[in-house]
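Student: Going down the list, the protein sequences come from chains P and B.
Going by the working numbering, the first sequence opens with residue 1, and the numbers climb by one from there.
Going by the working numbering, the second sequence opens with residue 1, and the numbers climb by one from there.
Heads up, a few of these hints could be off.
A pair counts as met if it fits within one copy or between any two copies, since identical chains are not told apart.
What the hints assert, rightly or not - Straight-line alpha carbon distances no greater than 30 Å define the calculated DSSO-like cross-link-like pairs of lysine-lysine that follow:
| hint | residue 1 | residue 2 |
| --- | --- | --- |
| 1 | Lys62 | Lys226 |
| 2 | Lys234 | Lys196 |
| 3 | Lys226 | Lys180 |
| 4 | Lys161 | Lys226 |
| 5 | Lys196 | Lys226 |
| 6 | Lys62 | Lys234 |
| 7 | Lys234 | Lys180 |
| 8 | Lys26 | Lys234 |
Source of the hints: derived by calculation from the structure; they are not laboratory data.
Protein chains: 2
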Amino acid sequence: MMLEGGMVFMSDTRTNAGLDNISTFKKMTIWENPGERVITLLSAGNLATTQAVVSELDERLKAPSERSPSLLAVPSMFQAARLVADTLREVIDRHANVGQRADSAFNATLLLGGQIAGGPMRLFLIYPEGNFIEAGGDTPFFQTGEIKYGRPILVRAYDPKMTFAEAMTLLLVSFDSTVKANLTVGLPFDYHCYEKDGLKIGHTGRVQQDDPYFQSVSQGWGNALKDALEQQPKWTFDDAQRNPEDKG
Amino acid sequence: MMLEGGMVFMSDTRTNAGLDNISTFKKMTIWENPGERVITLLSAGNLATTQAVVSELDERLKAPSERSPSLLAVPSMFQAARLVADTLREVIDRHANVGQRADSAFNATLLLGGQIAGGPMRLFLIYPEGNFIEAGGDTPFFQTGEIKYGRPILVRAYDPKMTFAEAMTLLLVSFDSTVKANLTVGLPFDYHCYEKDGLKIGHTGRVQQDDPYFQSVSQGWGNALKDALEQQPKWTFDDAQRNPEDKG
Numbered sequence: 001m002m003l004e005g006g007m008v009f010m011s012d013t014r015t016n017a018g019l020d021n022i023s024t025f026k027k028m029t030i031w032e033n034p035g036e037r038v039i040t041l042l043s044a045g046n047l048a049t050t051q052a053v054v055s056e057l058d059e060r061l062k063a064p065s066e067r068s069p070s071l072l073a074v075p076s077m078f079q080a081a082r083l084v085a086d087t088l089r090e091v092i093d094r095h096a097n098v099g100q101r102a103d104s105a106f107n108a109t110l111l112l113g114g115q116i117a118g119g120p121m122r123l124f125l126i127y128p129e130g131n132f133i134e135a136g137g138d139t140p141f142f143q144t145g146e147i148k149y150g151r152p153i154l155v156r157a158y159d160p161k162m163t164f165a166e167a168m169t170l171l172l173v174s175f176d177s178t179v180k181a182n183l184t185v186g187l188p189f190d191y192h193c194y195e196k197d198g199l200k201i202g203h204t205g206r207v208q209q210d211d212p213y214f215q216s217v218s219q220g221w222g223n224a225l226k227d228a229l230e231q232q233p234k235w236t237f238d239d240a241q242r243n244p245e246d247k248g
Numbered sequence: 001m002m003l004e005g006g007m008v009f010m011s012d013t014r015t016n017a018g019l020d021n022i023s024t025f026k027k028m029t030i031w032e033n034p035g036e037r038v039i040t041l042l043s044a045g046n047l048a049t050t051q052a053v054v055s056e057l058d059e060r061l062k063a064p065s066e067r068s069p070s071l072l073a074v075p076s077m078f079q080a081a082r083l084v085a086d087t088l089r090e091v092i093d094r095h096a097n098v099g100q101r102a103d104s105a106f107n108a109t110l111l112l113g114g115q116i117a118g119g120p121m122r123l124f125l126i127y128p129e130g131n132f133i134e135a136g137g138d139t140p141f142f143q144t145g146e147i148k149y150g151r152p153i154l155v156r157a158y159d160p161k162m163t164f165a166e167a168m169t170l171l172l173v174s175f176d177s178t179v180k181a182n183l184t185v186g187l188p189f190d191y192h193c194y195e196k197d198g199l200k201i202g203h204t205g206r207v208q209q210d211d212p213y214f215q216s217v218s219q220g221w222g223n224a225l226k227d228a229l230e231q232q233p234k235w236t237f238d239d240a241q242r243n244p245e246d247k248g
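Only chain P is shown next, with the shape it has when bound in the complex:
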């Protein structure tokens, strides 16, 4: 999520291969060269694919070549996105073209955001096909994975002038809406709040299931929604426009 004052990243840690095979894995990776660049990657989709992408990117840090520069060497966030996108497509191609199981099960979608000295903060959504889109004024945040349950609150309450603390509350409410409805998303949540032009890793941490703040928001939000509903104007059935023949 892009804010005027920075960027906020949050990811869950639930991974599953069927409902009876659930594990916890970190889906957030941060590369940092303090004072020069900070790049954050969030992943959704096949865990083997996303881990291979991260490993591949890490390998290149150790032995960068001209053909494939490392994430800490590319001169712009756009080129960082292209590098990650190419790596993602290569990893998927490698697995998808072997054997009979050449289906879309290896797919993954990535969120890449950060800032490199001299450039602005940028946020990209990278598709398994290797192309990507960038967040802008009209679409200032991206979601991947199981996005639908948590989307309405983001659409309505997002404000670019939010503080990090307000954005954290909003994201936790949004994630909580999804957790309440879908087993494939679960706590703990990892977060990273990058401060604009800071060029260093900002607040990072993990919100656990028993986090007192999360507990209070999760419980309080249901009551807040009920209150909000009660504040709405009252529906009446006597509006002739809706049905002149209402038999009720």
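Given chain P, put chain B in place with the hints provided.
Tutor: Same frame as chain P, but now just chain B:
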């Protein structure tokens, strides 16, 4: 949705065959024998299939046979559900097994609810395979179609003691969340509020795009959500439990 005082049905009217082929069709059908039974059917999925099911059910009203009694003749809501489910499966089978295009595109899911004199109100969700589940205390409402966006508010704000008017507000907010996020759901919305033991059609009507009440709720809800968010406790980054090494 089941309430202590009755049942509330609401359906949108958007149908599409691709995003450039959008039409408005009523997805709610009500059968009534005043003083004896009221049965309401909501449909989601392939329009040809759901219309064929309704036509088939209507045909049987005119010429009921022993093998397939009519909806106005079956002695219980359970048998009504079985009749509709069998009809649905037959219609899907008929189209799916012809020609090359034997895929799931003919599928449809139905919601059937109502009351027959002497029995309780019952609500069923009928799958394209012809089986069905019933709403109970744990699952007092069903959604079909594009359910995810509108689900969090239902999960959190539903209360069986709601009045019809409160339920209408809740359902409009839930539908509005989906409309804001998804092109395949659109106004106008049809509704039917069946009063428990009334055994006659209750309040019915259609909420149009320009309905003043819907407009005010749609606009007011965004602000109400923002207010609710502001009322939540404030997030602080200084909780050592989350990350003892927080560098922020």
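Student: All hints, please: hold or fail.
Tutor: Hints, verified against the model:
1. Lys62 <-> Lys226: Neither way: lysine 62 and lysine 226 sit 54 Å apart in one copy and 46 Å across, limit 30 Å.
2. Lys234 <-> Lys196: For lysine 234 and lysine 196, only the inter-copy Cα distance (22 Å) is at most 30 Å; the intra-copy one is 44 Å.
3. Lys226 <-> Lys180: both (16 Å within a copy, 20 Å between copies)
4. Lys161 <-> Lys226: both (27 Å within a copy, 13 Å between copies)
5. Lys196 <-> Lys226: between (36 Å within a copy, 24 Å between copies)
6. Lys62 <-> Lys234: Answer is neither: 64 Å inside a copy and 42 Å across each miss the 30 Å cutoff.
7. Lys234 <-> Lys180: Both: 28 Å inside a copy, 22 Å across copies.
8. Lys26 <-> Lys234: between (46 Å within a copy, 26 Å between copies)
Of the hints listed earlier, those the structure fails to meet are numbers 1 and 6, in rising order.
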